[in-house]
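Asks: For reference, the chains in residue letters:
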Amino acid sequence: MDLSPIWLTLKLAAITTLLLLIIGLPLAWWLSKGRSIFKIIIEAIITMPLVLPPSVLGFYLLIAFSPQHGVGKWLLQTFNIQFVFSFQGLVLASVIYSMPFMIGPIKSALQQLPRSLAQASYTLGKTERQTFLKVLLPNIKPSLLTAIVLTFAHTLGEFGVVLMIGGNIPNITRVASIAVYDSVENMDYATANVYSLILFSFTFVLVIGVFIFNKAHAKSPLE
Amino acid sequence: MISIDIEKKLKAYSGQQVLKVNEEFADGSITKIYGPSGAGKTTLLNVIAGLVQPEKGVIKVDGITWLDTNKKIALSPQKRMAGFVFQNYALFPNMTVMEHLQYASNDEQWIKRLLAIGKLDTLATHKPEYLSGGQQQRLAILRALAIKPKLLLMDEPFSALDAGMKTALIAGLKLLFKELKCTVMIVSHNPQELEGLCDGEISVNQDYST
Chain B
1 MDLSPIWLTL KLAAITTLLL LIIGLPLAWW LSKGRSIFKI IIEAIITMPL VLPPSVLGFY
61 LLIAFSPQHG VGKWLLQTFN IQFVFSFQGL VLASVIYSMP FMIGPIKSAL QQLPRSLAQA
121 SYTLGKTERQ TFLKVLLPNI KPSLLTAIVL TFAHTLGEFG VVLMIGGNIP NITRVASIAV
181 YDSVENMDYA TANVYSLILF SFTFVLVIGV FIFNKAHAKS PLE
Chain C
1 MISIDIEKKL KAYSGQQVLK VNEEFADGSI TKIYGPSGAG KTTLLNVIAG LVQPEKGVIK
61 VDGITWLDTN KKIALSPQKR MAGFVFQNYA LFPNMTVMEH LQYASNDEQW IKRLLAIGKL
121 DTLATHKPEY LSGGQQQRLA ILRALAIKPK LLLMDEPFSA LDAGMKTALI AGLKLLFKEL
181 KCTVMIVSHN PQELEGLCDG EISVNQDYST
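Quick note, the sequences are listed as chains B and C, same order. First residue of the first sequence: 1, per our numbering; consecutive thereafter. First residue of the second sequence: 1, per our numbering; consecutive thereafter.
Fair warning: there could be bad hints in the mix.
In silico EDC-like cross-links for lysine to aspartate or glutamate, where the CA-CA straight-line distance does not exceed 20 Å [as the list claims (entries may be wrong)]:
| no. | chain 1 | residue 1 | chain 2 | residue 2 |
| --- | --- | --- | --- | --- |
| 1 | B | Lys-134 | C | Glu-99 |
| 2 | C | Lys-56 | C | Glu-24 |
| 3 | B | Lys-126 | C | Glu-108 |
| 4 | B | Lys-33 | B | Glu-43 |
| 5 | B | Lys-134 | C | Glu-129 |
| 6 | B | Lys-134 | C | Asp-27 |
| 7 | B | Lys-126 | C | Glu-99 |
| 8 | B | Lys-126 | C | Asp-121 |
| 9 | C | Lys-150 | C | Asp-62 |
| 10 | C | Lys-60 | C | Asp-107 |
| 11 | B | Lys-215 | C | Glu-108 |
| 12 | B | Lys-141 | C | Asp-107 |
| 13 | C | Lys-79 | B | Glu-185 |
| 14 | C | Lys-79 | C | Glu-108 |
| 15 | B | Lys-141 | C | Glu-99 |
| 16 | C | Lys-174 | C | Glu-201 |
Simulated from the structure, these hints should not be mistaken for lab results.
Build out the structure end to end from the sequences listed, making use of the hints.
Replies: In structure tokens form, the structure reads like this:
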């Protein structure tokens, strides 16, 4: 039994989640402050992968980063980086595809905090960065955890977008969801079942873990 | 000396309302700000602290210009460092009583003294959700004082305190204000509440225009 698709999937999900945490926190914070047209456009672009067919996103990424022309050619010639049919391509696609799952919960949670929390911190002489790290972020822990787990779990389940930009190269781009599809194509239902069961169990445990953790923080309005 | 001359549009159902204030406050004075609900008392404090920008105005504190809309000067709240007691307390749910004060100040002796004045020394390790309304309000006052402000803005600071606690706290605060040479502005809609504490008062009434 080849478990490399499972390890590759976990590696992809971990790297994507980490990158999105680094990108998503400041971006969500910036989006939570004010509602300019520019911010609305950026937010719409970030949200697009939620409603767009994954194959459409994958198709555009494939065209944009094709090493034959444009940006893809320039990246290959200048930095020797190739995004198409490579692991870094999967990471790029996953970051774009899972971004709304990281940004959405964090942005909503920040917007729901009373404005006076940040204001109180400012009047104590604290900078915006100090206020974000010491006051705002610790008070949105459940949403932060939800965002991390959703991003991770969503990346585990990617199919269309990774297939388009990564293909099906063993040990490089053959993630678990593609391995399931490939096994079914080859009528190997037993292998497909093992991959599916591992993905299902892993995702279920993750989601239930978050619900249990957040249950402690959630309060009924009748309490 | 603090001089304030500002104009700020207020959101209201009954047409447009404009908050106009033109006052001077002596150093070390304690002024009661009163007026009907919706008159703009809280907005005035927000404008002074730099949390809200007025359409027009000048604010000078001890010769330093905090705000001059003509000259496009508007110091940030961080630079103004006006102590602010929020009406909703604005306590940080993730911090204990002690952590609130340590976030604002590194002076352990000062923090100890504040805890004693606010009678919160036995609750230092408690988070706001485990404090009563009155205890939360006292913590909000202590936190604002922790930065040793030259100007203290208080929005309904004693509304959740019982009579005995209010008298004791006000006596302690009076001494602190004197020691800090702190100018204080206190918003209240209860004229009797601050008797014996304030040495001046201003009334806030908005102008109505369409």
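Asks: All the hints need checking, so say for each whether the structure fits it.
Replies: Hints versus structure:
no. : hint                       : in the structure
1   : Lys-134(B) with Glu-99(C)  : holds (11 Å)
2   : Lys-56(C) with Glu-24(C)   : holds (17 Å)
3   : Lys-126(B) with Glu-108(C) : holds (19 Å)
4   : Lys-33(B) with Glu-43(B)   : holds (12 Å)
5   : Lys-134(B) with Glu-129(C) : holds (18 Å)
6   : Lys-134(B) with Asp-27(C)  : violated (33 Å)
7   : Lys-126(B) with Glu-99(C)  : holds (14 Å)
8   : Lys-126(B) with Asp-121(C) : violated (25 Å)
9   : Lys-150(C) with Asp-62(C)  : holds (10 Å)
10  : Lys-60(C) with Asp-107(C)  : violated (29 Å)
11  : Lys-215(B) with Glu-108(C) : violated (37 Å)
12  : Lys-141(B) with Asp-107(C) : violated (29 Å)
13  : Lys-79(C) with Glu-185(B)  : violated (66 Å)
14  : Lys-79(C) with Glu-108(C)  : violated (23 Å)
15  : Lys-141(B) with Glu-99(C)  : holds (18 Å)
16  : Lys-174(C) with Glu-201(C) : holds (16 Å)
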